[in-house]
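S.K.: Between the sequences and the hints, there should be enough to build the whole structure, so can you do that?
Protein chains: 2
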Amino acid sequence: MNKKDKYSASILVIGDEILSGRTQDTNSNQIAKKMTEIGINISDIRVVPDTKEIIIESINELRKKTDYLFTTGGIGPTHDDITAESIASAFGVEININQEAFSILKAYYDEIGSPFNEARQRMAMIPVGATLIDNPISKAPGFKLENVFVFAGIPKIMTSMLENSIKYLDKGKIVLSQSIKVNAVEGDIAKALRLLDSEESELKIGSYPFFNSDVDFGVNVVIKSVDEERLIKSVDKFKEFLNQNSINFDN
Amino acid sequence: MNKKDKYSASILVIGDEILSGRTQDTNSNQIAKKMTEIGINISDIRVVPDTKEIIIESINELRKKTDYLFTTGGIGPTHDDITAESIASAFGVEININQEAFSILKAYYDEIGSPFNEARQRMAMIPVGATLIDNPISKAPGFKLENVFVFAGIPKIMTSMLENSIKYLDKGKIVLSQSIKVNAVEGDIAKALRLLDSEESELKIGSYPFFNSDVDFGVNVVIKSVDEERLIKSVDKFKEFLNQNSINFDN
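Going down the list, the protein sequences come from chains Y and S.
Residue 238 in this note's numbering is what sits at position 238 of the first sequence, and the numbering runs on without skipping anything.
Residue 44 in this note's numbering is what sits at position 44 of the second sequence, and the numbering runs on without skipping anything.
It is possible that part of the hints are untrue.
Same chains, same names: a pair is fine if it fits in one copy or spans any two.
The calculated DSS-like cross-link candidates involving lysine-lysine, where the alpha carbons are at most 25 Å apart (straight line), are [what the hints assert, rightly or not]: (1) K156 with K144; (2) K52 with K65; (3) K6 with K65; (4) K33 with K156; (5) K52 with K224; (6) K181 with K156; (7) K64 with K52; (8) K191 with K239; (9) K204 with K52; (10) K6 with K52; (11) K204 with K173; (12) K4 with K64; (13) K224 with K3; (14) K106 with K191.
Source of the hints: derived by calculation from the structure; they are not laboratory data.
On a predicted model such as this, the values are computed, not experimentally measured, just so you know.
M.R.: Take a look at the structure:
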């Protein structure tokens, strides 16, 4: 891949437990935050069930659409863990016992004195051509195949796999952002935001109302740009508007 | 729609702030839990940016794919609130001032003594043919057009719009579920789960490892069925396996 200014990524969350509401997904938020930090733009997050055809279809769509694809979930030892075989099918490659993964897992189970049984050996089944991603917690590795990164679903393990994957990613230009907490409702500032937005095409302006109670409500306005000078200029202009209209705000 | 045993739904979360990681989406989890309670199966959750073409494309794909589609976000008064116009475009209908919505909003702003300005009047722009969904908190209504339900992004408001929409939904057969917290790791129970899974096609078995610390880890096994007798039989069989293998568990 040639070095570019902007990189995109998508996230595929695999798991019936998210779709049933049993589990609140927090992994995609962790990945999104990290990508924003390093200038990679997440354009798509999807949650799909533990159904092989759907997983394969989603992988093939997203890995072509964005520079990187991160998947979470479905790489454990049980019958509903079908991510690795789905990745292999999506890429049209074989899947078999990866000797490196097998050694890591064998050493771990020998050490803790637990049988390295058939189910556990299944976690060494990795698509051919993949690079392993270290899992310092429960050892069963994630992996990377071309631009697709396959992480565990358990948040702690996912987070360390994500950290261990940053070295493989090309970083984009960091989007600078400034947040202004405004003591008003959106209707009071909508016109000013619309004006700012139309003046500067390089700017991205978000307006996020919050409503905690009848006395604690307002709007977080987030102004973003890759250009620091333009960002400062626009933030100043917005604050001037707030002052002129006697609207309180915090930085 | 004829009465069926099973109903499906999808969720479209609209908002740059979710994709950047700034905000953790909790709305889709709320919707998913509620749907599971009333026997509607969520098959797809997507998060997309505040970009009109992408929103329209996603709406048209998902509203055809599932019985119901719920969208969250993008119905406020600011420039980045483009959900209502995207819905109108997706359905090929006009969007204009909805008199009912206009009256509700006017009465509200008159009451609180705040100007019902142009930005706020924008929240009365509703696709033609839509039915309003009441918002008891900040009054700007959501709406329903055919099988698509359009909710606000603020969790409190979303939750009340969701409650106010249940009456429009056909309910499916409730999926019964039993959860067993097992003091073991997945590798110890994978074989038993695989066996159970292959014996009973009516059953859905999920295995959700958790890992809080070196001493607090295990697996939540969730067995689901629409048939109570089969569910009980399978849970008993699984517990028998746990007892035979001296594995502790809680219900």
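S.K.: Hint by hint, say whether it matches the structure.
M.R.: Hints, verified against the model:
For the homomeric pair K156 and K144, the shortest alpha-carbon distance inside one copy (18 Å) is at most 25 Å, but the shortest distance between copies (39 Å) is not. Proximity of K52 and K65 under a CA criterion of 25 Å is satisfied in both settings, with 20 Å inside one chain copy and 18 Å between copies. In this homomeric assembly, K6 and K65 come within 25 Å of each other (Cα to Cα) only inside a single copy, at 14 Å, whereas the closest approach across copies is 32 Å. Taking the shortest Cα distances, K33 and K156 sit within 25 Å of each other both inside one copy (15 Å) and across copies (24 Å).
With identical chains, the CA atoms of K52 and K224 are at most 25 Å apart between copies only, with a shortest distance of 19 Å across copies and 39 Å within one. For the homomeric pair K181 and K156, the shortest alpha-carbon distance between copies (19 Å) is at most 25 Å, but the shortest distance inside one copy (32 Å) is not. Taking the shortest Cα distances, K64 and K52 sit within 25 Å of each other both inside one copy (19 Å) and across copies (21 Å). Proximity of K191 to K239 under the C-alpha cut-off of 25 Å is restricted to the intra-copy arrangement: shortest distance 14 Å within a copy versus 63 Å between copies.
In this assembly of identical chains, the alpha carbons of K204 and K52 lie at most 25 Å apart only when taken from different copies (15 Å versus 38 Å within one copy). In the homo-oligomer, the alpha carbons of K6 and K52 lie at most 25 Å apart only across protomers (21 Å), although the nearest pairing inside one protomer, at 32 Å, exceeds that limit. When the C-alpha separation of K204 and K173 is checked against a cutoff of 25 Å, the pair qualifies only within one copy, where the shortest distance is 15 Å, while the shortest distance between copies is 45 Å. Proximity of K4 and K64 under a CA criterion of 25 Å is satisfied intra-copy only: 17 Å inside one chain copy versus 37 Å between copies.
Taking CA atoms no more than 25 Å apart as the test, K224 paired with K3 passes inside one copy only; the shortest distance there is 22 Å, against 49 Å between copies. Proximity of K106 to K191 under the C-alpha cut-off of 25 Å is restricted to the inter-copy arrangement: shortest distance 18 Å between copies versus 63 Å within a copy.
When held up to the earlier numbered hints, the structure conflicts with none and fits them all.
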